[in-house]
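Chemist: Here are the chains, one letter per residue:
4 protein chains.
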Amino acid sequence: MHYDTTYRVSYGDTDQMGVVYYGNYLEFFERARTEMLRSAGLPYAELERRGWFLMVIEAHCRYHAPAHYDDLLTFRSGVAEVSRVKIKIVTQVLRDGVLLAEGYVILGSVDRDRRIARLDPEFVDICRRFTLEEKE
Amino acid sequence: MHYDTTYRVSYGDTDQMGVVYYGNYLEFFERARTEMLRSAGLPYAELERRGWFLMVIEAHCRYHAPAHYDDLLTFRSGVAEVSRVKIKIVTQVLRDGVLLAEGYVILGSVDRDRRIARLDPEFVDICRRFTLEEKE
Amino acid sequence: MHYDTTYRVSYGDTDQMGVVYYGNYLEFFERARTEMLRSAGLPYAELERRGWFLMVIEAHCRYHAPAHYDDLLTFRSGVAEVSRVKIKIVTQVLRDGVLLAEGYVILGSVDRDRRIARLDPEFVDICRRFTLEEKE
Amino acid sequence: MHYDTTYRVSYGDTDQMGVVYYGNYLEFFERARTEMLRSAGLPYAELERRGWFLMVIEAHCRYHAPAHYDDLLTFRSGVAEVSRVKIKIVTQVLRDGVLLAEGYVILGSVDRDRRIARLDPEFVDICRRFTLEEKE
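First to last, the sequence lines map onto chains S, H, E and V. In terms of the working numbering, the first sequence opens at residue 424 and continues consecutively. In terms of the working numbering, the second sequence opens at residue 424 and continues consecutively. In terms of the working numbering, the third sequence opens at residue 424 and continues consecutively. In terms of the working numbering, the fourth sequence opens at residue 424 and continues consecutively.
Any given hint might turn out to be false.
Which copy is meant is left open, because identical chains are indistinguishable; a pair holds if it fits in one copy or across any two.
[As the list claims (entries may be wrong)] Cross-link-like lysine to any residue pairs, in silico, SDA-like; alpha carbons within 20 angstroms at most:
#: 1; residue 1: Lys509; residue 2: Asp543
#: 2; residue 1: Lys511; residue 2: Asp536
#: 3; residue 1: Lys558; residue 2: Glu469
#: 4; residue 1: Lys558; residue 2: Glu481
#: 5; residue 1: Lys511; residue 2: Asp494
For the record, the hints were derived by calculation from the structure and aren't laboratory data.
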């Protein structure tokens, strides 16, 4: 099962080519995974309050077709892999069912002192509910 | 005496109208005042290490002419007013001597616990070296 | 009558002081006025398709209390003034009914060639439906 | 031969974890490749004036250690691959010689109508002057 959330493209998201600036997709991915966790009852803000932090280790995005100002985008997210200290979350950006971009983020678990720490077990359980594989 | 620093407009700074997005000027103002303080030997990062923080209370910008991708802008800054707990810094954005935008930021001094605190005296002395009034 | 829309603060919106970066409020104002126009049946994207553009002439914001990561903010917008070529839109940022920030943007009407042009009459009528005055 | 340019981290670049927000690295990469091209006498803005556009097809970043507010970063760039219609540019983000992040962007050449077009031969020659391979 994947998780879908929507987002409206702002003017500030665009660049002079008339499309969403490529760098903004990583913030889109962040919004997508945040809403996925919230939907499962464990907001990321709560995770930080408990002393667990997720640092991005790797990010990747493939751009298939541009998104434009005022587009209502769907961010589809799920977990592709999870180990004791890392998790890989895939996010697809769609408009009217068409895949515009797809990417993933690998997050590592750290404690308050930024030392590697095992992922919160409740967090892992929640993540296992959502699955999504990259299309290409 | 005012302080000048330069900045190169990135693609990400632009929007689909082909000009720098209006919201980015406030980050320009932040870059401008940071370099002004550094030039006087008191980087803002050092101020924070000493336990002094500046919170923005008010920001204002007038846009006269657009800035474009790849423009080499000059940010001209100086202090318009300073009291025991507040400082008003004016910044002008110029290209080839032409004023594109002008604005100010009013900063309030707070301590680590975000309580109002008197401005660091060394900081006030440094700020008094730089003066700039709004043109309009 | 004013118009309310909501927005979820992303991680990318915050800065190292643990609050929403002051420059991001101008993008919040843009989102707010865009949704206000859409609610009235005239999306700004449609306005641009008809050849009318709005350029920001002036922007202002007063910051009363910080917004934080994951806050669900309400953006309340309305028109404070409208002339033949300019419009002033006020936006308030609220969390649980508490005013965090308030500001305005003055927009000037231009045509495709960026020459000053009278505001689209339908647009003016729509704007008159929404009113909001600054609190302070 | 690779190309180095420097960048000062702004407050707006940081997030509440006290480090540069991961999404901002893609804008860093854009700044890096822009300066690389300028150094070779072919600014990207000039390329667009001639009717050649580069669209990002793929972007990737590995984060090794965080960058902080006010850091003076070095962006090191070079070309890893170039074909008739695509180019892969690698960028490393360093602070005092230490690698903080590394990534690449694959750009596709398009004309004014966003159709795939062969890369400008002068542009290809210039790109061949700069080489850089990913470390890992």
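Chemist: Enumerate the violated hints, using their earlier numbering and listing them in ascending order.
Modeler: Hints 2, 3 and 5 are the ones this structure does not satisfy, whereas the remaining hints hold.
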